[in-house]
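Student: Chain by chain, the residues run as shown.
Number of protein chains: 2
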Amino acid sequence: MSNDIQKNPSFLYARIAGVIQQQILDGILRTGDKLPSLRTICREYGVSQNTAMSAYYDLESKGLIESRPQSGYYVRYPRSRRPSLPNATTPSSMPHDGDPDALVSQVYGTLGEPGSLPLSLGTPANELLPIAKLNKGLMLATRSLTGSGIAYDKVEGSERLRRQIARWAFAMECNLGMDDVITTSGCLNALSYCLMAVADKGDTIAMESPVSFGMLRLAQALGLRVLELPMHAQTGVDLNAYEHALREGRVKASLLIPNFSNPLGSCMPDEHKREAVRLAELYNVPLIENDLNGDVYFGTQRPKSCKTYDRSGLVLWCGSVSKTLAPGYRVGWVAPGRFREQVLRMKLYHSISTASITQEVVAGFLETGRYENHLRKLRRTLHANQLNFARAIADYFPEGTRASCPQGGFVQWVELPRHVDALELYGKALSHKISFAPGRIFTLQNQYGHCLRLNYGLLWNDELEGTLRRLGELAKAEV
Amino acid sequence: MSNDIQKNPSFLYARIAGVIQQQILDGILRTGDKLPSLRTICREYGVSQNTAMSAYYDLESKGLIESRPQSGYYVRYPRSRRPSLPNATTPSSMPHDGDPDALVSQVYGTLGEPGSLPLSLGTPANELLPIAKLNKGLMLATRSLTGSGIAYDKVEGSERLRRQIARWAFAMECNLGMDDVITTSGCLNALSYCLMAVADKGDTIAMESPVSFGMLRLAQALGLRVLELPMHAQTGVDLNAYEHALREGRVKASLLIPNFSNPLGSCMPDEHKREAVRLAELYNVPLIENDLNGDVYFGTQRPKSCKTYDRSGLVLWCGSVSKTLAPGYRVGWVAPGRFREQVLRMKLYHSISTASITQEVVAGFLETGRYENHLRKLRRTLHANQLNFARAIADYFPEGTRASCPQGGFVQWVELPRHVDALELYGKALSHKISFAPGRIFTLQNQYGHCLRLNYGLLWNDELEGTLRRLGELAKAEV
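Protein sequence lines correspond, in order, to chains A and B.
Numbers 1 to 479, taken from the UniProt record's numbering, label the letters of the first sequence in order.
Numbers 1 to 479, taken from the UniProt record's numbering, label the letters of the second sequence in order.
Keep in mind that the hints are not guaranteed to be accurate.
Covered, in the sense of this in silico footprint (three residues per stretch, anywhere, with C-beta under 8 angstroms from a C-beta of chain A), are these stretches of chain B [said to hold, decoys possible]:
#1 135–146
#2 364–374
Below, simulated SDA-like cross-link-like pairs (lysine to any residue); rule was C-alpha separation at most 20 angstroms, straight line [claimed, not checked]:
#3 A/133 to B/146
#4 B/154 to A/154
#5 A/133 to B/140
#6 A/133 to B/136
#7 A/201 to B/202
#8 A/433 to A/476
#9 B/201 to B/225
#10 A/154 to A/144
#11 A/252 to B/223
#12 A/201 to B/342
#13 B/133 to A/147
#14 A/433 to A/461
#15 A/136 to A/146
#16 B/252 to B/341
#17 A/136 to A/367
#18 B/133 to A/146
#19 B/252 to A/223
#20 A/154 to B/146
#21 B/201 to A/223
#22 A/154 to B/125
#23 B/201 to A/225
#24 A/133 to B/144
#25 A/252 to B/222
Counterexamples of contact, computed for chain A against chain B with all Cβ distances above 10 angstroms [unchecked claim]:
#26 32
#27 34
#28 75
#29 201
#30 223
#31 235
#32 240
#33 248
#34 309
#35 350
#36 368
#37 391
#38 445
Hints in this document: simulated from the structure, not taken from any laboratory.
Ideal Cβ placement from N, Cα and C applies to all residues, glycine included.
Bound conformation, chain A alone (with noise of 0.2 angstroms):
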């Protein structure tokens, strides 16, 4: 073990917090348990004081362990109080163009409530993002773009920026260059390209099932049907539903969300994202990958995305920082593939060109390792939060309750017991100013009438933990 993480010098600490992690989640290590002192850490690992002390002080800002003054450092988390996972999901085989709109309406035209919070929401808080950092980049791209960025960018977007996605893809082992780029206004206008470009009105869709309901309405707002695809909460979609609709010839292009899903956070293994794009190939049917989350992995390494394995140029991947840096800047891209031409068509015919200054300060951020450093935070607070919010559903939340176990993302799937209507609950938690997002809007068809979604991309302090106490309590007297 200590042989493979010498490798990579680079984040040693985070190596080594890695694998006792690892083990204090499988059980391994059991609360209460002592660690080994730093200076063990240093033999075992062959790294420095600094390194060992890094580790542990990664873990424990991740609620995992805690240090006892002349004691040394004890494990702290509750291996017995996690949920169980959710079985995977089974979800009607026909296709569904049914409308989520009304709910959906219900659910985020409250958002603006004072003193709701969030939970309901898919973005991280204001508060985990760089603000300052970022009016500094908007700064300096008043100086570095030509005529302050006033004029029409290129259809394709700021090159600048291409290049640094370019980059960034790289480290995923994903071969781009900057001409395979194509900047948009945030994600979701990506996807709204790409499936403009492969799919006409009445066309099939194959999607996950729970999926976010941003993309099923913008599928129906194309006049499309979705098609969804059974999911298992740690890997992802169901690799023979997958292929069993793409053999029928039943859709006309699939769209995924391979790392992190919304609202599962399942995360599809390597071998499976490999898999899918050779059914892709197989069977001739345009992968449109929606990665948006792929950058906030709680793991070592960034998961790769399906675009890594993808030679044909059958998959588009659409990402962006609405996630992770600036929701409100709009700034997001696609890598479409064979499908280049029709996706700048569409781009040029709806909107020109996206705007220059937000591009140019997100490309900044990329090229100077800014982005990497907030990533580097982000991450490790989604992390800590994640686990808190785990133990929090365990502690409170009614018997029989499960939830995803998120590797990444934002955003964690809760079961809760078959009969407890989340939508009823939903509005008891309202007039208790908590709200989150009932299962029943990540569907087309009748089901996750139990579930719902939290979003944990907020500050964890007491309150928080207040609100999730209040809410399973909630939940337990509608069981």
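Fit chain B to the supplied structure of chain A, relying on the hints for placement.
Tutor: Quick look at chain B alone, frame taken from chain A:
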């Protein structure tokens, strides 16, 4: 006359200048005629010496008059050398769905070439835009916006901007409230949502002919057919043809540029607008109004919009600052009348929201009067340019050349003698590093082959005059 001018004392000088200008352009005052002395102006109009001088400065800056030392002011502008207006256009009355795209790409693919003067563009040159003030606005916006605009904006857009747009619209007697307005990523984006909201694939949309190729391409991307309507060079769309199309039930909606159309530069008289709205109501056909040039008028007040006369909510009024302030900011808007819900959904489904920071800058510009100040300068510059272009066309272009005489906007339509092939001319001009927009790209039909569009939103100087002269010589060689 002087009485009428007295009514609004704020821009007395502009009104006096307007009267004299009209006399010059109408040939009542001819080249070389001596103008009344400043003292006479003061007495006749009952104004101060300063006001009289401002009026003459204004006329001088437009190249209409010149001062001769020790003698006074004389008419300089050669009335006789204005080109004749083009005849009304006669497009086929069958809907089309051809594809002008290859040609458009050819023209706009060359814009990056250094040295080629952007006569082909339809936006003002950077030199005419208030870059420094916009940058200052950016700094202010990071302070005035909650969280510096990092979070998602509301779907309907910045409240501050929507309030300012409503206030702005009030100036043309458009009675809008903040809630009637939805912001978008530029005007084309607004048109895109409007078309998606009111029409379905396969429907027919009535448009002007010739018409902005961006609007043609957008319609085609949405699978819409286009019925092209005849146009008059000064008064815009032919109302008989418009009514005919509506009465026959052939069109699902119409999409017009009533103020300073593109590429003709025509402006519908107010009574025509009123009539167009009446017909829209009579036949219950939504009217999408592209009013992105309305603020760039050369007269003494902003032309009204169709929205001014809209009582039934059938007019979807679209605008932006892309042609006046900052194309690269991508800030536009729509007041969609009774289609508010549908347009709002389209915006939400395809893009969630628009960037906050650039909206805030524009809101600040409108709020503080910086926008009006800037527009005042811009209008004067563009009017002077338009007069110079008209003179240059009369001086240098082949006998029989006709040209529109826009009273606002940035673009000028030129009809060469009928047997000249503007595409051939385009190729030759390009080898001289001169670019323009061939007429053929402004239609889906096979027409306007001898026409071209010129952008006069540039800095007027000897080089530009030289370019127009060379272009005229090249055109003469084609005759």
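Student: Determine for every hint whether it applies to the structure shown.
Tutor: Outcome of the hint check:
no. : hint           : result
1   : 135–146        : holds (count 4)
2   : 364–374        : violated (count 0)
3   : A/133 to B/146 : holds, 15 angstroms
4   : B/154 to A/154 : violated, 27 angstroms
5   : A/133 to B/140 : holds, 16 angstroms
6   : A/133 to B/136 : holds, 18 angstroms
7   : A/201 to B/202 : holds, 11 angstroms
8   : A/433 to A/476 : holds, 18 angstroms
9   : B/201 to B/225 : holds, 8 angstroms
10  : A/154 to A/144 : holds, 16 angstroms
11  : A/252 to B/223 : holds, 18 angstroms
12  : A/201 to B/342 : holds, 18 angstroms
13  : B/133 to A/147 : holds, 12 angstroms
14  : A/433 to A/461 : holds, 17 angstroms
15  : A/136 to A/146 : holds, 18 angstroms
16  : B/252 to B/341 : holds, 18 angstroms
17  : A/136 to A/367 : holds, 15 angstroms
18  : B/133 to A/146 : holds, 15 angstroms
19  : B/252 to A/223 : holds, 18 angstroms
20  : A/154 to B/146 : violated, 30 angstroms
21  : B/201 to A/223 : holds, 10 angstroms
22  : A/154 to B/125 : holds, 16 angstroms
23  : B/201 to A/225 : holds, 16 angstroms
24  : A/133 to B/144 : holds, 17 angstroms
25  : A/252 to B/222 : holds, 18 angstroms
26  : 32             : holds, 41 angstroms
27  : 34             : holds, 43 angstroms
28  : 75             : holds, 37 angstroms
29  : 201            : violated, 5 angstroms
30  : 223            : violated, 8 angstroms
31  : 235            : holds, 29 angstroms
32  : 240            : holds, 31 angstroms
33  : 248            : holds, 26 angstroms
34  : 309            : holds, 29 angstroms
35  : 350            : violated, 5 angstroms
36  : 368            : holds, 18 angstroms
37  : 391            : holds, 28 angstroms
38  : 445            : holds, 20 angstroms
Figure legend: structure checked against the earlier numbered hints; hints not met, in rising order: 2, 4, 20, 29, 30 and 35.
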